[in-house]
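Mind docking chain B on chain A? Use the hints.
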Amino acid sequence: MYGWIWRHLPGNAWVKALLSLLLALAVVYVLFQYVFPWAEPLLPFNDVTVDGQ
Amino acid sequence: MRVIVRTVSELCVTIGTVIVLFVVYVLFWTGVKADRAMDSQIDQLQDQWARRPVAAQGSGRDADAAPPEPAAYPDGKPFAVMYIPRFGFTWNKPVLQGTATNTLKKGLGHYARTAKLGQKGNFAVAGHRRTYGDPFKDFPELRPGDAVVLTDGTTWFTYRIDKKPYRTLPADIGVIDPVPRKSGYREPGRYLTLTTCEPEWGHSHRLIAWAHLDATQPVEAGKPEALRR
Chain A
1 MYGWIWRHLP
11 GNAWVKALLS
21 LLLALAVVYV
31 LFQYVFPWAE
41 PLLPFNDVTV
51 DGQ
Chain B
1 MRVIVRTVSE
11 LCVTIGTVIV
21 LFVVYVLFWT
31 GVKADRAMDS
41 QIDQLQDQWA
51 RRPVAAQGSG
61 RDADAAPPEP
71 AAYPDGKPFA
81 VMYIPRFGFT
91 WNKPVLQGTA
101 TNTLKKGLGH
111 YARTAKLGQK
121 GNFAVAGHRR
131 TYGDPFKDFP
141 ELRPGDAVVL
151 TDGTTWFTYR
161 IDKKPYRTLP
171 ADIGVIDPVP
181 RKSGYREPGR
191 YLTLTTCEPE
201 WGHSHRLIAW
211 AHLDATQPVE
221 AGKPEALRR
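Same order as they appear, the protein sequences are chains A and B. Position one of the first sequence corresponds to residue 1 (the numbering used here), numbered consecutively onward. Position one of the second sequence corresponds to residue 1 (the numbering used here), numbered consecutively onward.
None of these hints come from the bench; they were simulated from the model. Accuracy of the hints is not assured; some may be wrong.
[As the list claims (entries may be wrong)] A short list of chain A residues far from chain B (calculated; beta carbon distances all over 12 Å):
hint: 1; residue: A13
hint: 2; residue: V15
hint: 3; residue: K16
hint: 4; residue: L19
[As the list claims (entries may be wrong)] Far from chain A, some chain B residues (derived; all Cβ distances over 12 Å):
hint: 5; residue: R52
hint: 6; residue: P70
hint: 7; residue: A72
hint: 8; residue: R86
hint: 9; residue: Q119
hint: 10; residue: D152
hint: 11; residue: G153
[Stated by the list, open to error] Residues on chain B that point at chain A, a partial pick, calculated with CB under 10 Å:
hint: 12; residue: E10
hint: 13; residue: L11
hint: 14; residue: G109
hint: 15; residue: Y111
hint: 16; residue: R113
hint: 17; residue: L169
hint: 18; residue: P170
hint: 19; residue: D172
hint: 20; residue: I173
hint: 21; residue: T193
hint: 22; residue: H203
hint: 23; residue: S204
Don't be surprised by glycine CBs; every beta carbon is placed ideally from N, CA and C.
Excised from the complex, chain A in its bound form:
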């Protein structure tokens, strides 16, 4: 999987490394901004009221 990505990135090794880093940062950003805020309310830490809202 990662080997496939590495082979399909353009440029020499340095450019590839930089692009991989950017890709990894983009993935982390998407996770923190969209995926985790969606997943977090499924955990029990939000249940602090007594009327089950």
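Chain B only, in chain A's frame:
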């Protein structure tokens, strides 16, 4: 064969990394976000209070009179700041209207159908025990006599805790009744109820603390006794 093994192991490493990132998000990043959100809610309140004309408040009101009935609180907006010296002298959190999940990310939430601040009945407030800034982390430390101080910009309200935190089930809505069940209160009065989750990281139970209104004073009179060091 080698390709399959490699892909599977890469997937496992990826999932492990995502789980670690998620833990970082829940334990750390929600706190950072919540602290920022709570600060901005308090700033918003203080701006709002600063813009209000001074002459309209406190003039000619005698000290014993009950505070005037406040206007309806808009949903999801802050209307008061809470101080609990037991949680630390710098502990202060905004109180927002409603207990929706998104509201509780920005501060404490006032149960919409309970009494308004300082009024007859039960002013009930819910807050996170863990995650989102851990506002009620030290909830079990509350003891009878502890002060819970709130201000709505015109009046300081000092409530006093009457019992050690009470553990109950999530469906026990009687604890936020005007005269809360199991609280030991017999007559209608001006009460405050705090609720949070129990155990600390779970959701099987709730912890409840009850207080009664002990004193009020206009903000012009300065901070109440409980907040002075």
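Hint by hint, here is what the structure shows:
No Cβ of chain B comes within 12 Å of the Cβ of A13 of chain A; the nearest lies about 20 Å off, and the non-interface call holds. Every beta carbon of chain B lies more than 12 Å from that of V15 of chain A, the smallest distance being close to 22 Å; the non-interface claim holds. No beta-carbon of chain B is positioned within 12 Å of the beta-carbon of K16 of chain A; the least distance is around 17 Å. Its beta-carbon lying about 18 Å from the closest one in chain B, L19 of chain A satisfies the requirement of being farther than 12 Å from that chain.
For R52 of chain B, the shortest C-beta to C-beta distance to chain A comes to about 31 Å, beyond the 12 Å cut-off, and the non-interface label holds. With a least beta-carbon separation of about 22 Å from chain A, P70 of chain B lies farther than 12 Å from that chain, consistent with its non-interface assignment. For A72 of chain B, the shortest C-beta to C-beta distance to chain A comes to about 19 Å, beyond the 12 Å cut-off, and the non-interface label holds. Against chain A, the non-interface label of R86 of chain B holds: every CB pair exceeds 12 Å, the least being about 18 Å.
The Cβ of Q119 of chain B sits about 20 Å from the closest Cβ of chain A, beyond the 12 Å cut-off, so the non-interface label holds. Chain A leaves D152 of chain B outside its interface by the beta-carbon criterion, the shortest separation being 22 Å against a cut-off of 12 Å. Residue placement check: G153 of chain B keeps its beta carbon more than 12 Å from all beta carbons of chain A (closest about 26 Å). This hint holds: E10 of chain B has a C-beta 5 Å from the nearest C-beta of chain A, less than the 10 Å allowed.
Hint status for L11 of chain B: holds, given a least beta-carbon distance of 7 Å to chain A, under 10 Å. Because the smallest distance between the Cβ of G109 of chain B and any Cβ of chain A comes to about 7 Å, under 10 Å, the interface hint for this residue holds. Look at Y111 of chain B: its Cβ gets to within about 7 Å of chain A, closer than 10 Å, so that hint holds up. The restraint placing R113 of chain B at the interface with chain A holds, with a minimum CB-CB distance near 9 Å, inside the 10 Å limit.
The interface hint given for L169 of chain B is met, as the beta carbon of that residue sits about 8 Å from the closest beta carbon of chain A, less than 10 Å. Below 10 Å, beta-carbon pairs count as interface contacts, and P170 of chain B has one with chain A at about 6 Å; its hint therefore holds. Satisfaction of the interface hint for D172 of chain B is found here, the shortest Cβ-Cβ separation to chain A being roughly 6 Å, below the 10 Å cut-off. With a least beta-carbon distance of about 5 Å to chain A, the hint placing I173 of chain B at the interface is held under the 10 Å criterion.
Below 10 Å, beta-carbon pairs count as interface contacts, and T193 of chain B has one with chain A at about 9 Å; its hint therefore holds. Interface restraint check: H203 of chain B against chain A, minimum CB-CB distance 3 Å, threshold 10 Å, status holds. Nearest Cβ of chain A to the Cβ of S204 of chain B: about 8 Å, under the 10 Å cut. The hint holds.
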